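Participant: We have chain A; now place chain B onto it with these hints.
Listed in order, the protein sequences are those of chains A and B.
First residue of the first sequence: 50, per the working numbering; consecutive thereafter.
First residue of the second sequence: 10, per the working numbering; consecutive thereafter.
Quick caveat, the hints were computed from the structure, so don't treat them as lab data.
Hints may contain errors.
Partial list, computed: chain B residues near chain A (C-beta under 10 Å) [said to hold, decoys possible]:
#1 V220
#2 S221
#3 L226
#4 A227
#5 P230
#6 Y294
#7 F295
#8 Q308
#9 L339
#10 P341
#11 F342
#12 A343
#13 P347
#14 N435
Here are the simulated DSSO-like pairs of lysine-lysine, each with C-alpha atoms no more than 30 Å apart in a straight line [as the list claims (entries may be wrong)]:
#15 A/K252 x B/K182
#16 A/K287 x A/K73
#17 A/K252 x B/K261
#18 B/K131 x B/K261
#19 B/K415 x A/K178
Values in this document were obtained by computation on a predicted structure and should not be read as measured data.
All C-beta atoms, glycine included, are put in the ideal place defined by N, C-alpha and C.
In case you want the letters, here they are:
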Amino acid sequence: MISQNIQLDEQGRLKHFLSIEGFKRQHLINILDAAEPFANVHEQAVKKVPLLRGKTIVNLFFEASTRTRTTFELAAKRLSADVLNININTSATSKGESLLDMLHNLEAMHCDMFIVRHNQSGAAHLIAKHVSPHISVINAGDGCHSHPSQAMLDMFTIRRHKKEFADLKVVIVGDILHSRVARSQIHALTTLGVSEVRVVGPKTLIPAHIETLGVHVYHDLQAALIDADVVIMLRLQKERMQGALLPSENEYYHQYGLTEKKLKLAKSDAIVMHPGPINRGVEIASSIADGPQSVILEQVTNGIAIRMAVMSQTLGRSNQEPPKSKGGNV
Amino acid sequence: MSDITQLTSAISSNSPAISIINGRVIDPANKIEQQLDVHMQHGKIVALGTAPDGFSAQQVIDAHQQVVCPGLIDLRFRLRDLSYAKRGSITTETRAAVAGGVTTICCPPDTDPIIDNAAMVKLIRLKAETEGVAKVYTLSALTQQLQGEKLSEMRELKDAGCVGTTNALRPVKSTLVMRRALEYAASHDITVLIQAVDPWLSDGCAHEGAVSTRLGLAGIPVSAETIAIARDLQLIELTGAKAHFCQLSSAKAVQLIQQAQEDGLSVTADVTAHHLHLTEMDIGYFDSNCHVIPPLRTQRDQDALRQGLKSGVISNIVSDHQPQGSDAKLAPFAETKPGISGVETLLPLALKMIELQGMSLNDVIERLTCQPASTLNLPEGTLSIGAGADICIFDPQAYWVVDRDKFLSQGKNTPFHSWELKGKVNYTIKSGEVVFATETL
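Isolated chain A (complex conformation) (with noise of 0.2 Å):
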C-alpha cells in the first residue's frame, strides 16, 4: 500500500520536493524550464528577484556540507527570501529534543519554508508527514535516499549540452549503493525518456536488485564507457576501504578512475560530470576535471537556477500572484 504522493497538493502543485520518484516527465520539464531564466541572473547587475520575498527559509543542516547549503542558501537570497543557517550536531539532538519537537519549535517562529539534509534516509520524508500544512519542505539529501536538487541540476546541465534525452546513453561510475546522487540521478535520467542508464562498479558498491531501477549494471567501466554521451564520476568516500568493500584507492583507480584513455571510448563530444567534491586521482585524472569535456563547474553555477526554480515553485504555489516562473520576465 504506497501512500499518495506528499510532494503534491490537491491541485498536483509542487508542495514538497523530497525525491524525484513520484514525479512525472512533466513536473521534471517543468523545473528545468523554469530554471532557465534564473540561469541568467547572475549576469546582470542586481542579482535579486522579488519572488519570494517576506519569505523565511531555514536551512537546516544535521550533516556537513558547504556546496549544497551555500548554493541553497545563495539561490534563497537572490529569490529575497530571508534565509536562517542552522547546522545541528546529530549526536547533540539525540541527547535532547527529539527531531520533531526541533520542527515544531521552528514552525512556531513562522517559517515557510525547511531545507533538510540528514544522514538518514527518510528524514525529509518524515519531516514533510509531520510538518504544518503550510510549510514545504526541501530534501538536500537524505542518507543513501535521495538528492533530487542535484539529480535536477544534472539534468540541467545535461540538456544545455544535448538536444534529446530520449537518445542518451548515460553512464554512472562508482559508489552507487551508498549514493542518494545515484539514484535520484537514476529516477530523473528514466523519467525524462533516457534509453540507456549504466551503472558502474564493483559488486561491493552496486546495491541489490539496482536494474529494478531501469537501469544497466557494467562491472567493466571499459566496456560501459563505448558510446556514452554523458559520463557522470561519483565521488569515493575513503571510509570505504574499511568493511571490505575495496582492496585500496590505487586499484580502485586502475579498475574505475577515469582517465584521458578510457574517456576516448566514449563519444567524441561525451560531457563529464560530477557532484563533488572531486578526489583528484582516485575516481578521475586531474586533467579530466579541468579539461575541455569536464562541465563540474557548470553544474555548481546552475545548482542555484535549479534551487532557485524548486523554491519558487514550491513556496511560490501559496503567494497570491501567480508564480512568474515560466515567462523568463525577471
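Facilitator: Chain B alone, transformed into the frame defined by chain A:
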C-alpha cells in the same frame, strides 16, 4: 514458588460454574469439530456435551453461530521493559492478549533485566499472577546475559518454570558455544528456540532487495537467515537437540526446515502473522510500522511462508507482539524501534489463511493452540476434560475495522490500522473466569 501456586489455586477454586451453549466447538487436540456445549467449574473443563449430574451453571454463554476453541497460545510476546510503564506493562499487555483471544503467552528473555536467573523468572511469574490476566510463561536465556559466551543455568531456570531457552535476537556467534549450548539443553530435555540470524550480515533495517535499494536503506539479505539456519541444523544433527526456529521470513528458510524435517531432525518452526500478510512493498515511503526484524521480504517469500504454514512445515503462528510508544516510531526509518503491536490482530490475520490459502478453520486453530503447546510441552491448548478452562469464543463471520486507537495494548504501532478483518473475539475465559467480553466494553 509455593506462594504462587497457592495464589493460582485460590483464584481457580473461586471461579464460577459456566456453561457455553450452542457453540461450534473446535478442539484440534482431540479432533473435535461439532456443535457441543462446554461446561466448566473450579477453573477446569468438566464436560463437553451434556452437563454432569448436579452441575448448576452460574453463568450461561450463548455461543450461537460462534466458534468455541481453546484459548490461543502466542509463543512470542514481548514484555520488554518490566520496569517501564510506557512501553506496555504486564497488566495492559495481558489485557490486550485476552482481547485477542490469547490466554497463554510466552515471553523471550531479552527483557530488561534479562531472564537468566531464577529470581527473575519468579518475579515475572509473580507479577503475572497478581497483575496479569493471561498465563505468562518465560523462556530462559541460552547464554548468560545473552552474550553468547557462557551457558546460562538453564536447568535451574527450567526448574524455576522456564519452558524453553533461547538467545532471542542476539545470535550466538561462536559455533563452539552454540554446539555446547545445544548439547547441554538436550541433556536436560530443554527445547531451544532459535532466531536464526547471521551476526555479520544482519546490520540493516529492511530486506535487501528492490525496496531497500530504492529507499537507500541498509539491507538484510536472505542469506543472513539461511546461513544461520544451515549452521544450526548441522549442530542440531550433531547434538540431537530439540529445536524450534522462530519467525521464518524467507522461502529458502522454509525449504531448509522442510528438508531437515524430512531428514528426521526434531525441528519445528513458526511464522508471524505479519509476515503472512505484508511484504517489503508495504514499507512504501518509509512506513516505520513496517520496520520489523526479521524484515518483511518479497511476494515469493510470503507465498512460501503461507504454503509452509498450510503444509505443516511451519507449525504455528505467533504475533511477536512488541508494543512501542509513539516516539519510538517517529524517527527516520532506520532509527525507529522495530516491531508491531500484534496480539490484537493475531486471530483474524491467521483466519485470513482460510480464504487466501485454502486452509481449514480447524487447521488454523490448531496452529494457534495445540501446535504451539506441543512445541514447548505446555498443558494448555486443549479442551480435554480436566484441562484448565482457557477458552476463546469468536464469531468467524464478523467483520471489523482495525482501529489502533482502540487497542488495549499500550502500543498503537500497527501497519494494519484501518484494515477490515474477519473474525472477532467475543469472550475469552482464562482458568474458568471470563477475562474479556465484548459486551462489557
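Participant: If a hint holds in the structure, say so; if it does not, say that too.
Facilitator: Cross-check of the supplied hints:
1. V220: Holds. Min distance 9 Å.
2. S221: 7 Å, holds
3. L226: 5 Å, holds
4. A227: Because about 8 Å separates B/A227 from the closest Cβ in chain A, which is inside the 10 Å limit, the hint holds.
5. P230: This interface hint holds because 7 Å falls under the 10 Å limit.
6. Y294: 5 Å, holds
7. F295: 4 Å, holds
8. Q308: Violated. Min distance 13 Å.
9. L339: It holds, given that the least Cβ distance between B/L339 and chain A is near 6 Å, below 10 Å.
10. P341: 3 Å, holds
11. F342: With Cβ-Cβ at 4 Å, under 10 Å, it holds.
12. A343: 6 Å, holds
13. P347: Status violated, d = 14 Å.
14. N435: With Cβ-Cβ at 29 Å, over 10 Å, it is violated.
15. A/K252 x B/K182: With Cα atoms ~26 Å apart, A/K252 and B/K182 stay inside 30 Å; holds.
16. A/K287 x A/K73: 36 Å, violated
17. A/K252 x B/K261: 23 Å, holds
18. B/K131 x B/K261: Status violated; Cα separation ~39 Å.
19. B/K415 x A/K178: With a Cα-Cα distance of about 23 Å, the restraint between B/K415 and A/K178 holds, given a limit of 30 Å.
Going through the hint list in order, the structure does not satisfy hints 8, 13, 14, 16, 18.
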